[in-house]
Amino acid sequence: MVNREREKDLYDALKARLEAFNDDPAKAFAEPFIKKGGAIVKSVRVEQVQKSGVLVREGNGVADNASMVRVDVFTKDGKYFLVPIYTWQVAKGILPNKAATQYKDEEDWEVMDNSAIFKFSLHPNDLVKLVTKKKTILGYFNGLDRATGNIAIKEHDLEKSKAKGGIHQGVGIKLALSFEKYQIDELGKNIRLCNPSKCQSVR
1 MVNREREKDL YDALKARLEA FNDDPAKAFA EPFIKKGGAI VKSVRVEQVQ
51 KSGVLVREGN GVADNASMVR VDVFTKDGKY FLVPIYTWQV AKGILPNKAA
101 TQYKDEEDWE VMDNSAIFKF SLHPNDLVKL VTKKKTILGY FNGLDRATGN
151 IAIKEHDLEK SKAKGGIHQG VGIKLALSFE KYQIDELGKN IRLCNPSKCQ
201 SVR
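Following full-length UniProt numbering, the residues of the sequence shown are numbered contiguously, the last one being 203.
A few of these clues could be false.
Claimed, not checked - List time: in silico SDA-like cross-link candidates among lysine to any residue, alpha-carbon distance up to 25 Å:
id, residue 1, residue 2
1, K104, L127
2, K162, L175
3, K129, K92
4, K198, Y140
5, K92, L144
6, K98, S197
Just so you know, the hints here were simulated from the structure itself, not pulled from any lab data.
No experiment lies behind these values; they were computed from the predicted model shown.
Make a model of the complete structure from these sequences and hints.
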């Protein structure tokens, strides 16, 4: 709770209510909570711990990473890894080498060292083909979830018969049999596999 030092009585009362209902907020606050003086507490600002981002205020604070510019795809030890690159990193000329690792803080992410092989870079709406033991998905890259390392892939014309809302969410690629990127000509008629290339700098 924000400013709990200044409103210690309220903080203690809210904490006691939560504990009385086994930390279930839905049950604890199903009935209105009234603090001393008779006022109803309608909302409380909650503090969040920022575990990753860009340093601000001369290193004394951390801001959100902001928008993701691209995702670099690597293979290492027979597995696929995804390295997110953000606008602030591009602005500072920083090329990150840590791949999003499921349920780990950024400082503990897998490092793409000399044993890792760069495959290609992904931008929004790039055409990709993912083959796993269970299925094959051909669609458009729709983002990376840095918390899980999974991606989203859009079906052509958001075809809803193949995925909810036409988007495959939470798609794991680490153990994929193959993961490829394709190029499409301006008319959308010719589709070809992207040629291997070197990892590009951010500037």
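Evaluation of the provided hints:
no.: 1; hint: K104 <-> L127; verdict: 28 Å, violated
no.: 2; hint: K162 <-> L175; verdict: 22 Å, holds
no.: 3; hint: K129 <-> K92; verdict: 32 Å, violated
no.: 4; hint: K198 <-> Y140; verdict: 22 Å, holds
no.: 5; hint: K92 <-> L144; verdict: 22 Å, holds
no.: 6; hint: K98 <-> S197; verdict: 19 Å, holds
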